[in-house]
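Protein chains: 2
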Amino acid sequence: MEQITVRFQPSGRQVRVALGTSIAEAARSAGIHINNLCGGEGVCGECRVRVIKGDYEMESSAESFFSDDELEQGYVLACQSKILGDIEIDIPLESTIEEAKILKDEIQEQAVHGLITENVSYPIKPLARKIYLELSPPTHDDNITDLERISRELRKKIGWHSYDISLDCLRTISTTLRESDWKITATVVKDKNRYRIQQVEPYNTVDKNFGIAVDVGTTTVVAQIVDLRTGEVIASEGVPNKQAQYGEDVISRMIFACQKDGLEPIHNAIIENINELIDMLINGKDIDRSHINAMVAAGNTTMSHLLLNLSPCSIRLEPYVPTADVYPQIYAKDLSININPGAIIEVIPSVASYVGGDIVAGVMVCGIPDNSEVQGLIDIGTNGEIAIGNEEWLVCCSASAGPAFEGGGTRCGMRATKGAIEKIEIRDGNVKYQTIGNASPRGICGSGLIDCIYELVKNGIIGSTGKFNRDLKDPRITYEDDIPQYIIAYGDETDSGDPIVITELDIDNLIKSKGAVFAAIKSLVDYIGLGFDQLERFYVAGGFGNYLNIRKAINIGLLPDIPEERIAFIGNSSLSGARMSLISEAAFEKCISIAKSMTNIELSVYQPFMDEYVAALFLPHTDKRLFPSVDY
Amino acid sequence: MEQITVRFQPSGRQVRVALGTSIAEAARSAGIHINNLCGGEGVCGECRVRVIKGDYEMESSAESFFSDDELEQGYVLACQSKILGDIEIDIPLESTIEEAKILKDEIQEQAVHGLITENVSYPIKPLARKIYLELSPPTHDDNITDLERISRELRKKIGWHSYDISLDCLRTISTTLRESDWKITATVVKDKNRYRIQQVEPYNTVDKNFGIAVDVGTTTVVAQIVDLRTGEVIASEGVPNKQAQYGEDVISRMIFACQKDGLEPIHNAIIENINELIDMLINGKDIDRSHINAMVAAGNTTMSHLLLNLSPCSIRLEPYVPTADVYPQIYAKDLSININPGAIIEVIPSVASYVGGDIVAGVMVCGIPDNSEVQGLIDIGTNGEIAIGNEEWLVCCSASAGPAFEGGGTRCGMRATKGAIEKIEIRDGNVKYQTIGNASPRGICGSGLIDCIYELVKNGIIGSTGKFNRDLKDPRITYEDDIPQYIIAYGDETDSGDPIVITELDIDNLIKSKGAVFAAIKSLVDYIGLGFDQLERFYVAGGFGNYLNIRKAINIGLLPDIPEERIAFIGNSSLSGARMSLISEAAFEKCISIAKSMTNIELSVYQPFMDEYVAALFLPHTDKRLFPSVDY
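Protein sequences, first through last, are from chains A and B.
Letter 234 of the first sequence, counting from 1, is numbered 234 in the working numbering, and no numbers are missing.
Letter 371 of the second sequence, counting from 1, is numbered 371 in the working numbering, and no numbers are missing.
Isolated chain A (complex conformation) (with noise of 0.2 angstroms):
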């Protein structure tokens, strides 16, 4: 069949494709994501693209969408309309907002069919498993114990284990196995090899097991309400950290902690966190906080040694050493968390006092150890985590990229949630943004700030230093004591009726940031001796919010120059590592064998990071030949 060329706008990006193919589907073999929420039944609307050369048709029943005027300029819906020969074709930023929710939808997915990512899937056994057990009642022939009886059951349909049981479980065995006519559910819960009766209740609630996997984010905390019995995500919300009010960063709130009477106040704020979180995950449902049965937290190790009331104070000083990396299993009750007191938690262990769970679990996410081929990860939240490696070896290291890419640091920055703008387009002069959830801007989250700056420097606004460019006669810059800045959004277009601008100074912090970031990698893929396009896949996980402009990151110098189609960017891995190991054992032991088998190169001690750093406060970068495809 003939072959023709199909080149979308902005990003330039091209496919080949057989004469005839729609252009939702010549979209999606680019790799690009166009709104598509009617499933390609030309009845939502939302996948409007102009072409801008080119022939084509289009089903007559999606003219309605378009002005005559809007049908001149060659707008189209890209599901009803078919290439007739090589083509070009303009996305609009407003049509491709929806992959933020795809991209959340596709984490739910995961949960729900086997968690699988790209590279790898887990089965479905979550670490509270209730099973459902009809018992034959005791008779003189048959008088083994009430314990015995319920574990002989379990062996027959989980296997052959010996079954522990708490004291407290023990204390209600008997009463609830002859009330409920010897049909009970048991909560079976597993701590390294052995497994625990952690609940007996009457009657089957097989349907009523729920797990809340966390990210301790330093900025964010984030939760989601899982069912454990199908994986299904129910809920998910993300509130600030509250451990903010004593200190901004990681090391500021360490230092309040080894103060006297520091932890306990600090530890405190984060079990509010997760309690105000899970307040907000069950309500208005039908679920009672006494049927969450497990909880597994993703943070990195300063947060994680928080979470636990453990001292971080010898995290700070050199030479970097946690309490611990991997972490005992403990119930709720240990912690006050407001679920079944019984409920387990597990943290998901660290590497080493910069090299938290949370990266840790986003290894796991990505299945790096479960390939042959090199991969790595940049979890970019207040610190740049990155690890690289495949099944034979991992190594990781960090660095500190400060709040920017979270919202922190700069004037108008914001958190992921509604109101942030999150995509900005500056043509002509004219600015295009994209907020969360279609509301009223209310300032800009990380990669809302990434499009911003690749859109400054393109558009000659700024230079390669992140100065701006002083002779320009935009009506967008302002000077506010001698600073100039631009203009996002003017205050007539805001929530709250001032303009949300970028500053100079934003833009240097955020060179700061990812000079740091972009370092961080460059370090570790010279250490072990790689070149870049060795990477044969680069996952890209943090708090930018639920969309990153992969080219964009790329074109600014935080991502390295690779072919974009090997870079994915794959939102909280942190969470999404918490999730999976909630809900598969398996997934959960990966991340013990990660945590323990991942060598940390400690930068701080590493000279060359330093050169690296300095080298990486440009726009892309001082050695241009690291990015060849940069086009400014």
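Think of the hints as simulated: they come from the structure by calculation, not from any bench.
Please note: incorrect hints may appear among the correct ones.
[Stated by the list, open to error] Partial list, derived from the structure: chain B residues whose beta carbon lies under 7 angstroms from chain A:
hint	residue
1	T145
2	L310
3	I601
Positions of the beta carbon are idealized from the N, C-alpha and C atoms, including for glycine.
Starting from the known structure of chain A, fit chain B onto it as the hints suggest.
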């Protein structure tokens, strides 16, 4: 060398020894205890015996212990007298008193010297071990976590295990390590196949590691405090079980516990008992209760359930099913035991509803499963529990003996404490008795009651049915409401001023008790198809006191009529087993394997038991052929 014959009275036992052997030595050869406080130095004067006929030579220095009259009558010190030909010797009651103390000491000896009983030895490796570690401080090249640093050193010292840690302990290690210059003492406990770091203390505290062994008896609760480093018993104490206020015997306590809100007070009572015992044990000693790191309790199945606050209700009802037979390891704080809150508590596992951890502990102590010969153990408390077996098989049963042998259910019965008459001899209408602690008599304990019945029947005061010979004119026989009773101690001899008597009703109760015990032994032996003569060794344990006259116990038909030297009284083997388990992991693990492998024969549904019981309600038995050696 010429052998001569020595005959001892009142037992009539004979032994052949070399000419020139000391009387003390000859008595030892015959298995007869004579006091030996000074170790045979001739200075304590406690081994007074009387030579009835035959030649002997006493060191002249020993003469100062006797009046001329006494010397004339043949009184000598056994340790200072050589036998010069066939001889007959009378051993007065007072010269064997010390036996009680000796039995206690022997048990202590076992504990100190690697826990050697007659048949079995275990290495000292307590359930909570303290290990002193001098760690190298972390460096950049050696910056493993604090926990891993401790674990690494533990692996060098005590084995390549994966060390778990409790959260409470984990919270302390960062500070402790740094404040004690990396010199610490780790308390390590084992829970099934896993090791856990339970406590980390600054500097070297290995000499401060104590444990509590408890025998939770229905009538009496006895505890010892043990130095876990050496195995040495530091103190022993006993108190009446406070649960008695809710019911005298096991059944009535179960009934109480199964009423609404009945379990809690009966559970609290035993916790109060143990806390009171601990107070007594450490009183006046340089022992901090925070250094008590482990406790092992043994008791019958109901006592074990009540200790753990487990419902005993199904134990009482057909088909007699306990909640559990193997109990989880728990912490002292879980039971509000006033020792180190993180101290571990283990309860010796049970076999069935009426065969508890007390008998399991005893079987372990006797080494029954470690020998090819068939051996038996009977533990006579409120219940009589019997186990028989060898290295290939173990069977057990139990029968209600009533509280008579523990001092309950008889007019002047009492526990084996100070002032209890523990030995009685009646000769020519005179009563000689010995009290515990040489105190004024307050009552009669189990061993005294056994002596008493034997002496009464031997002297023709009662007949084989236990009824008094009403034709006798003996001033010690009096009547109350036409029920005859025999005065053991007149009012002017006793502590209270009231006479101490044994009534016909008491004797009737005691015969029922001994009948039940013997019937149980006989039933079990018959069940497995053995004869009594095939019992190579028969151990007798129980709360009689520290002493039991085995010959008299056979003579009243309580114990089977096998050669006396095959029977050994081993005191409180439940307590010994708890203590051995506390001091030796291997001993505790042996208890678990015993509990799992022992087959329980339920006598309540075993038809022949009732017939055996009725046949045993005589002195010594309706079938005198079963007791060929009995001399009345």
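| task | List in ascending order the numbers of the hints, as given earlier, that are violated by the structure. | result | Result: hint 3 breaks, nothing else.
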